[in-house]
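Visitor: Chain by chain, the residues run as shown.
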Amino acid sequence: MNLGKLLGSLKKNKIATFTIFAYIVVFVYSPYLGLDSLKMTSSYFIEMLQILPAVFVVMGLVEVWVSRDTIMGIFGKGSGLKGRFASVLIGSFSAGPIYAAFPVCYTLLKKGSAVSNIVIILSAWAVVKMPMLIVEAQFMGVSFMIVRYIFTVPAIIMIGVITGKIVSKENIIKNSSKEGLLVERIELALPGHSCGACDYKSCRETARALVLEDIDPNVCPVADESNKKELRKLLQGT
Amino acid sequence: MDITTIALISLAVILLVWSFKKDGKKTKKGLKVATNMGKGIVVEIVSILALIGLFLTLVPPDTIRIILGDTSVHIATLISAAFGTVTLIPAFVAFPLASSLVDQGAHLVSMAAFITTLTMVGFITAPIEIEYFGKRFTLVRNVLSFLAAIAISIGMGLIL
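As given, the protein sequences belong to chains A and B, one line each in that order. Position 50, counted from 1, in the first sequence is what the numbering used here calls 50; the numbers after and before it change by one each time, with no gaps. Position 6, counted from 1, in the second sequence is what the numbering used here calls 6; the numbers after and before it change by one each time, with no gaps.
Bound-form chain A, shown alone:
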């Protein structure tokens, strides 16, 4: 491997690089501390192995079986109070730490959930999930648990609504480094009139065809120069 390639992969895996570096420093300073850290890590690792594969399988199946309309109906912009309630509920019956919630929310967002409800799911997943409440009641007392719950649920709904006001879905789609959002990104790069001039029903359909069916990148007759430039950039990335 040449130096440029090595640097490239280090840059791509910034966190891993940093972690390995931190461990080297600790091991040099004290091998005992290093070993203890690894032991601590292994228990988290086991937890991850129990939860993440199952989460990914469920979300993969949701991806192929559940239609965009269904998700939009439950968690989308117009879902109102029902959507908030469903979001708290799905977060409450979850397992695992917050990082397990990211791929779940990512899939739901891709399928049409509102930003606010994503935040509610993330937060509920983190602070009011069932197993946590049970442990909490054991250690902190039932009244502590109930009072915290009563304060927390409205708070996370507020956090969701405010985040949804500040951060647009377009912003998330543009800034996510996940490839799965390519269709969405291309849809944004198209003029967005859904005029049908390209023989696809909507810009979304066109975007999907561009990604999946390898059609002519200049399919859109009404795209201007900036649209075309953006499209070329996005499609080259694949």
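These aren't lab readings, by the way, just hints derived from the structure by calculation.
Derived CB-CB ranges, DEER-like: (1) A:Ile-150 with B:Ser-72: 19 to 29 Å; (2) A:Gly-73 with B:Ala-126: 23 to 33 Å; (3) B:Leu-58 with A:Asn-2: 28 to 38 Å; (4) B:Ala-7 with A:Lys-77: 23 to 33 Å.
For each residue, glycine too, the CB sits at the ideal point set by N, CA and C.
Please arrange chain B on chain A, whose structure you already have, making use of the hints.
Guide: Same frame as chain A, now just chain B:
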């Protein structure tokens, strides 16, 4: 393994069997999506877990106990919230720790802040969150969650 983990795994298995029976091709596609999801993030998550392990070894819960022991409620609440912000501890570690802190005289208010930030605000998991949702989303969500944690603990202080 707690009950929800078992439920989650059973759910995955049941859905998988059902899906295979209904449409093998579609299921394979779904599994491909699942593996891609995993491949895309597994290095980051393992790195973060290793960092958390390192952090908790270098700053063990006992140290936190000593720091929080003598300070006033307000300061302790802020320290608890800050500590909770940086780390990510599973609930089964966090609650025994919080309850032993209470036994030693820590105020319930600070513990509420501790628990809420501990689980909801994640400095250390922010890189993963950014990967999925971008910087702006991550920043806004975490700042709001931190403020909410303080507000929740103040509110709880009024009642408890």
